[in-house]
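Visitor: Here is what each chain is made of, one letter per residue.
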Amino acid sequence: MNKLCRRVVHDPALREALAQDPEPVLRGFAPPLSKAEIEALVTGDVGTLSRAGCNHFLLHQLGRWGLFGLDLPEYAQRIRAAHSDERRRTGPEPD
Amino acid sequence: MCHIVAAFGIPHNPHFPTWVQTGHPLAQEIESKYRPLRLAFEQARPDALLYITSDHYNMFWETLPVFAIGVADSARGASDYPELDREVRLDAALAHHIHGHLLRRDFDVAMLQEVELDHTVIAPLHFLAPHADVALIPVYVNAFVRPLPSAQRCLALGRAIREAVESAPGAGRVAVAGSGSFSLEIGGPRISEDSHTGVPAPGWLDRVLGLLRTADLTRLVAETTDEQMWRAGNAGGEVLDWIVMLGMFDPRPPDYLDVQPQFGHAFASWSLDAAASS
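Line by line, the protein sequences give chains A and B.
Residue numbering for the first sequence follows our numbering, beginning at 1 and increasing consecutively.
Residue numbering for the second sequence follows our numbering, beginning at 1001 and increasing consecutively.
Derived from the structure by calculation, the hints contain no laboratory data.
A couple of the hints might just be wrong.
Interface residues of chain B toward chain A, partial, derived using beta-carbon atoms under 7 Å [stated by the list, open to error]:
| hint | residue |
| --- | --- |
| 1 | Tyr1057 |
| 2 | Trp1061 |
| 3 | Asp1080 |
| 4 | Ile1186 |
| 5 | Gly1187 |
| 6 | Gly1188 |
| 7 | Pro1189 |
| 8 | Ile1191 |
| 9 | His1196 |
| 10 | Asn1234 |
Simulated restraints, written as ranges between beta carbons of each label pair [claimed, not checked]:
| hint | chain 1 | residue 1 | chain 2 | residue 2 | range |
| --- | --- | --- | --- | --- | --- |
| 11 | B | Glu1114 | A | Ala13 | 20 to 26 Å |
| 12 | B | Asp1073 | A | Asp71 | 36 to 42 Å |
| 13 | A | Ala36 | B | Glu1087 | 41 to 47 Å |
| 14 | A | Gln20 | B | His1131 | 36 to 42 Å |
| 15 | B | Leu1103 | A | Pro73 | 43 to 49 Å |
| 16 | B | Val1145 | A | Asp71 | 24 to 30 Å |
| 17 | B | Leu1103 | A | Asp71 | 43 to 49 Å |
Chain A regions said to be covered by chain B (calculated; three or more residues, Cβ under 8 Å) [as the list claims (entries may be wrong)]:
| hint | stretch |
| --- | --- |
| 18 | 4-18 |
| 19 | 76-88 |
Just so we're clear, the structure is a prediction, and the values are computed from it rather than from any experiment.
A virtual CB, placed ideally from N, CA and C, is assigned to each residue, including glycine.
Construct the entire structure; sequences and hints are all you get.
Guide: See the structure below:
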C-alpha cells in the first residue's frame, strides 16, 4: 500500500490510469495488493487502510491527487472518523 | 578557512509558494514572515548554503540513511511538487570535504552522488533565495521512520559539521539552515477538523520557541526525546533538523523569531558574522 501511494506522487501515468479505471490497475499492481486493500481503495475507505497501518504521509496523497472519490477534506473527514475513539481516549496534549 | 555567517530556521510547507503566487488569504502573512529571513540571507552574502532537512519519502524510501549528504554538482526539484521545478547548483567540493571530516569523526553519513530535491528544500528556497545563485549542500536527517537519531547525536553532528566548515580550504562564506516543524501531523489521526494536517502539541511548540529565545540548547536537546517528538505529531522529528543547525554555532538568541501556530512551525534567523551586518 505504501509503495502504491508513493508511486502515485511520482508516476503521472499511474495516476491517470487509476483515475480512468482503478480496479484492473490495482489488481495488476506489483507488489500485489490484497483483495481487502483493493476493496478499501476503490471505495476510498482510507479509514480502514489507516487502521491497517498505512503510512499517513503517503496515504493522504490519495486525497491530494483526487483518487478513489477523495479530495483532501473528504480524506480528513474519513481519517478523523476512523480514529475518533482514540482521540476521545487520549484527549488533549498534557501540560 | 570557511566560516559560518548566518543561520536560519525555516518552514517548508509545499503550498506556500503557490499560495503567494495565487493570492491566497494567507499570502501576505506568509511573505511577511519569510521576508526577514530573505533580508538576513542577502545581507550575509553566503557562497554556500548548508541545508539540513528530512526527505519526505521521496528520494529515500527503500533505503533510509540516518544521515546523508549530497555531493553532486547540481540537483533538481521539487520531485514531489513539479510545479515548483528549479535547478540548484550544489557545492560538491565543500560537500566532499564535510563528508570526509564527518567520517573521520565517526559519523557514518551516506554519500549521495545523485540528488533529487523535494519540497522541503525547494519551497523555502523560493522565499529565502528566490534569485540568488547560492550553492547548496543538502544534509539529510531521518526524522520520520523510527528509530530516529537522538537529539544529542544530531547536536553532535551539527558541531562536527561546524568543525568541517571551519577546516575547509578557502575563505568561503557559509550559511546554514534547518528546516521543519516542531509539532505537525500530516494525514494521520491527529489532524485538525478542517485540514489534512494538525498541530497535536501546541504546548511543545511554545516550549521550543521559549528555549530558542533563551538560547537554551542544552535543555532543548534534553527535552527532545523520542516520546516527545512522537507526541508532537508524525512530523515531530523535524525538530532534529533545527538541532543539527543549532549545533553549528555558539548558542545565542535569534535576531528574528516568529511563529505560525496553525502550522506548528517557526521562522528564525541568526546573523553570525560582524562583517556581514556592517
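Visitor: Look at each hint and say if it fits the structure.
Guide: A quick look at each hint next to the structure:
{"no.": "1", "hint": "Tyr1057", "verdict": "6 Å, holds"}
{"no.": "2", "hint": "Trp1061", "verdict": "6 Å, holds"}
{"no.": "3", "hint": "Asp1080", "verdict": "5 Å, holds"}
{"no.": "4", "hint": "Ile1186", "verdict": "5 Å, holds"}
{"no.": "5", "hint": "Gly1187", "verdict": "3 Å, holds"}
{"no.": "6", "hint": "Gly1188", "verdict": "4 Å, holds"}
{"no.": "7", "hint": "Pro1189", "verdict": "4 Å, holds"}
{"no.": "8", "hint": "Ile1191", "verdict": "6 Å, holds"}
{"no.": "9", "hint": "His1196", "verdict": "5 Å, holds"}
{"no.": "10", "hint": "Asn1234", "verdict": "6 Å, holds"}
{"no.": "11", "hint": "B:Glu1114 <-> A:Ala13: 20 to 26 Å", "verdict": "22 Å, holds"}
{"no.": "12", "hint": "B:Asp1073 <-> A:Asp71: 36 to 42 Å", "verdict": "40 Å, holds"}
{"no.": "13", "hint": "A:Ala36 <-> B:Glu1087: 41 to 47 Å", "verdict": "43 Å, holds"}
{"no.": "14", "hint": "A:Gln20 <-> B:His1131: 36 to 42 Å", "verdict": "41 Å, holds"}
{"no.": "15", "hint": "B:Leu1103 <-> A:Pro73: 43 to 49 Å", "verdict": "47 Å, holds"}
{"no.": "16", "hint": "B:Val1145 <-> A:Asp71: 24 to 30 Å", "verdict": "27 Å, holds"}
{"no.": "17", "hint": "B:Leu1103 <-> A:Asp71: 43 to 49 Å", "verdict": "47 Å, holds"}
{"no.": "18", "hint": "4-18", "verdict": "holds (count 3)"}
{"no.": "19", "hint": "76-88", "verdict": "holds (count 7)"}
Violated hints are absent here; each numbered hint is respected by the structure.
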